[in-house]
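Please build the complex by placing chain Z on the supplied structure of chain A, with the hints as guidance.
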Amino acid sequence: KQEVTQIPAALSVPEGENLVLNCSFTDSAIYNLQWFRQDPGKGLTSLLLIQSSQREQTSGRLNASLDKSSGRSTLYIAASQPGDSATYLCAVDNAGNMLTFGGGTRLMVKP
Amino acid sequence: GAVVSQHPSRVICKSGTSVKIECRSLDFQATTMFWYRQFPKQSLMLMATSNEGSKATYEQGVEKDKFLINHASLTLSTLTVTSAHPEDSSFYICSARRGAGGQGEQFFGPGTRLTVL
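Protein chains in written order, with this note's numbering: chain A, 1 to 111; chain Z, 1001 to 1117.
Bound conformation, chain Z alone:
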């Protein structure tokens, strides 16, 4: 199978702190990983596309200086929410694309629930 893990699964932090979320592909290499955000009762919205060894591509409306993405290896991407505020509270889900090119299937992590007090 193709397994993607996320850590932590849940985090509660104070306003103004930074939070790092890890996304790992456990049994395959992923040149491309994606970060999604899901607000309550809404669908997933793509935040950014993370390519190994290069800068992430952010979707319109997503602040790159606030949501720092590092894809340092073929199995790990990290999302850091800097100076988090209550409006950043959300469910963050990553996915990893298996296979080269743009047609590989995406496999999703279990998600990280961020609560900013």
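Chain A on its own, in the form it takes in the complex:
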């Protein structure tokens, strides 16, 4: 059974810092891995999708990497802004049928 862990569970940084969120998974036989953002009381916004054959994906200030063999992914946020404050979830699709979510990292960027 796939297990997804996110570290840290919570993070508070001053505005402008670069930061890294970590995601690890136990079963490396995955189709893809997605990073999502969730604002309080809201649904999910997909940030980046990395296929199993890819090593990284970039969108604006966000960069996600994937190391399947070690079961790890990182989400790098450059020059963080208060508007980046949210919960970030990673999810792994390894059966072609369902996503397994990590517990999330609650990010607070202070002005």
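Bear in mind the hints are in silico, worked out from the structure with no lab data behind them. A quick note: this is a predicted structure, and the numbers were derived from the prediction, not measured. Hints are supplied without guarantee of correctness; some may be wrong.
[Claimed, not checked] Computed cross-link-like contacts, EDC-like style, restricted to lysine to aspartate or glutamate with a CA-CA straight-line distance of at most 16 Å: (1) Z/Lys-1055 / Z/Asp-1065; (2) A/Lys-68 / A/Glu-56; (3) A/Lys-1 / Z/Glu-1059; (4) Z/Lys-1041 / A/Asp-39.
[Unchecked claim] Sample of chain A residues lacking proximity to chain Z, with all beta carbon distances greater than 12 Å (derived): (5) Leu-11; (6) Asn-18; (7) Ser-28; (8) Arg-55; (9) Ser-65; (10) Pro-82; (11) Gly-83; (12) Pro-111.
Where is the CB? At the ideal position from N, CA and C, for every residue including glycine.
Showing chain Z alone in chain A's frame:
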């Protein structure tokens, strides 16, 4: 883009009533839709997988007679919470998979917040 809508966005009901939540893929066909539940400060947990034209597959611990799922068309799946109780209060999110087979990206709806009094 690929847009998934949910209706209603928020519902408050009395204990014992049934509530229906709709999930629609607006600009693509989805042979598979998924229903997730999220309790406060917790991550999403898959409840069931809904395939168009067939019975849903429920995850362990999810009562199929309580959470009725109907995937009647390629763009619509419904989740009915029957005889709702306060412990069913949660945030329900659906997703729809675009593309055939098991490798299409999932797109998520905005969620429905259910409060059972």
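Consistency of the hints with the structure:
no. : hint                    : in the structure
1   : Z/Lys-1055 / Z/Asp-1065 : holds, 12 Å
2   : A/Lys-68 / A/Glu-56     : holds, 11 Å
3   : A/Lys-1 / Z/Glu-1059    : holds, 13 Å
4   : Z/Lys-1041 / A/Asp-39   : holds, 12 Å
5   : Leu-11                  : holds, 15 Å
6   : Asn-18                  : holds, 25 Å
7   : Ser-28                  : holds, 16 Å
8   : Arg-55                  : holds, 18 Å
9   : Ser-65                  : holds, 19 Å
10  : Pro-82                  : holds, 21 Å
11  : Gly-83                  : holds, 19 Å
12  : Pro-111                 : holds, 24 Å
Going through the hint list in order, the structure satisfies each hint without exception.
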